[in-house]
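K.L.:
Chains as they are written, first to last, in the numbering used here: chain V, 1 to 308; chain C, 1001 to 1314.
Incorrect hints may have been included.
[Claimed, not checked] Label pairs and their calculated CB-CB ranges:
| # | chain 1 | residue 1 | chain 2 | residue 2 | range |
| --- | --- | --- | --- | --- | --- |
| 1 | C | Gln-1208 | V | Gln-193 | 22 to 30 angstroms |
| 2 | C | Gln-1230 | V | Val-58 | 40 to 48 angstroms |
| 3 | C | Pro-1205 | V | Leu-221 | 22 to 30 angstroms |
| 4 | C | Pro-1205 | V | Leu-149 | 48 to 56 angstroms |
| 5 | C | Ala-1084 | V | Pro-148 | 30 to 38 angstroms |
| 6 | C | Ala-1151 | V | Ala-52 | 13 to 21 angstroms |
| 7 | V | Phe-35 | C | Ala-1151 | 55 to 63 angstroms |
| 8 | C | Ile-1295 | V | Val-146 | 24 to 32 angstroms |
| 9 | V | Gln-193 | C | Pro-1303 | 19 to 27 angstroms |
[To be verified] Examples of chain C residues toward chain V, derived with CB under 10 angstroms:
| # | residue |
| --- | --- |
| 10 | Glu-1124 |
| 11 | Phe-1163 |
| 12 | Ala-1277 |
Rather than coming from a laboratory, the hints here were simulated on the basis of the structure.
Every residue, glycine too, gets a C-beta built ideally from N, C-alpha and C.
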Amino acid sequence: MARDSLADIDVAGIVNGMDHRRLGIYIVVTLFIAFFLAPLEAGILTAIKTDASIAQTVPFLPPGTDGATAENIGTAYGQLQSSIINSLVMAIPATLITIVLASMAAFGLTMVDWRGQVGILVLFLIGVFVPYQAVIIPVDKFWYQVFPLAQMLEPVARLKLVEPEHMLLVPLTITHIAYGIPIVTILFRGYYQSMPQSFVEAAKIDGKSLTSIYTDIVLPLSKPMFGVVFIYQFTQIYNEFLFSLTIIKYADSTAATMTLVLSGIGASISGIDYGLRMAAAFLAALPTLLLYIAFSEQFAKGLQTGGA
Amino acid sequence: MATHESTGESVAETVGWRTKLRYVLNGDLVRSLPFWGVPFVIMGIAVYGGIGYNIAISLTDTAGIGAVDWSSLDLEMYRQALAAPAVHRAALNTFVLLVAFTSISLVLGLFLAILLDRQFRFKEQVQMIYLLPMSLSFVVTAKLWVWMYNAESGVINVTLGLFGIGPIDFLGDPSYSLGAIVLALIWQFSGYTMIVYLAGLQSIPGSQFEAAQIDGASTVRIYLRVIIPQLKAASVSAAVVLMVFALKAFTFLYALTGGYTPPKGTDILATLMMREAFSNVQWAYGAAIATMLLIMALGVISPYLYYQYRQGSL
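Next comes chain V alone, as it looks inside the complex (with noise of 0.2 angstroms):
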């Protein structure tokens, strides 16, 4: 009790004319912000402690001089670097190839009337939220077995500077554009939908074909959307795990992808090195938190309409 009066005086006195309300108010903000930094803050510190300063200091509270090092950043993006480029190599293409088809997709789905546009439209609403496990071994079968993709390329390989087994990245990205499309086409249509439909009936008593309405109305006006989907599903390919442990499955491959070897980093037979496996994670999560500190309100805007 006697604390808490004394923190009223306190921040009552700083910030002039507020009531007790709002100071409890605040205060609940704040253990909150506490509540959701706690993680990040304890991995970001022990990341930079050395093994004798993990063991001895408390884990929210920063190292001494003489406990801080730079080296576990050092082995961390030694053994993330080249999988942090398999990541970007394949998450920025398969974006981009699933925002074209899907925004082409929302628009046939959207601004042109048809019978059994529903129906066509509920393939795509279950195709959002079917749970990857259903389909999860068929996508190994498929790749391995139907139709060996990575195999057939390895040939192309051989004339580039990249290894046979960057083929791999191939079917990922594949996969990755097939199951991104439905979520993609989803967060499409809202946007249409809620566009003035009158440009579109204009244009079309024009005479105007539906690929130059789409071309010269909807792709200029649809701009801030696209940056909203790229930023989402950039996001998803890039921190998804399940398709890259089945198509690649080794996280020693050199096609690993970020999450693959992230996901086995830090543990060995003496124990598990808490310093490099935070650091390893913060390096891992370093392109999606700078998007999102950059974008977090294009960001905010795809989680609202697009769920998680």
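Dock chain C against the given chain V, drawing on the hints supplied.
P.N.:
Just chain C now, kept in the frame of chain V:
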């Protein structure tokens, strides 16, 4: 639009089949096909071809390395799965995870949204912090929380130690492990439910709040009686997303241990299915469990789609 079509049709009936064909070719279905056709086929093969293939495999007895063995087709794998104690345990854990995770995430998200909704000065900055975990991969989240829950020097045990509690091995002790996982997932997802509710709150005119205030209603009462009942659509769509996520939550549990066996007491159908198929190479058995997961997901989403259809928002 509808009038255009019906007049066009009656014209087509009176004239010959050539005109009729030309009408169909110029119709909106055919004209729009080049736009949605290709993505629809790609998606259709991946999603529905995949589901069909999975069900077909589940009817075989395929196991081990090699091609799918189509020689005997029956429901044997489903019979085995329904009788297996491991499946019962996993189904129960899935159910507990689904209910606890969904309900707490919704309530917490609603609370945070209301907290930030009205006249909060740093709303955008705070919102950004609360939503931050959603930008992280489950693999990253799992690594962070293994460290948080560490029995000797993790944040939670150090904090509990200040009050003389513990240490507790949260992820190692089956009586705590599922709860610990629910908490970590809530940490990641409550920012998501918050922004869904914030969008819902923004669509409610402020005048309703003010009118109730003039009538002398307390803030708590206004939210309970006036505001929250209007957030039904937001609640339904967020709940569906969370429940479907709970059914397929595999990555987080895999990354906690770095293998197919999750912490003791936290095996759910999604992890059991992956372990049976990819670790024990019991493909047909894994496929049968995957089909059961699919049926559960459809059980969640079909009422939702019907609700959306009835609301006219499809």
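K.L.:
Where does the structure disagree with the numbered hints, that is, which hint numbers, in rising order?
P.N.:
Of the numbered hints, 7 and 11 do not hold.
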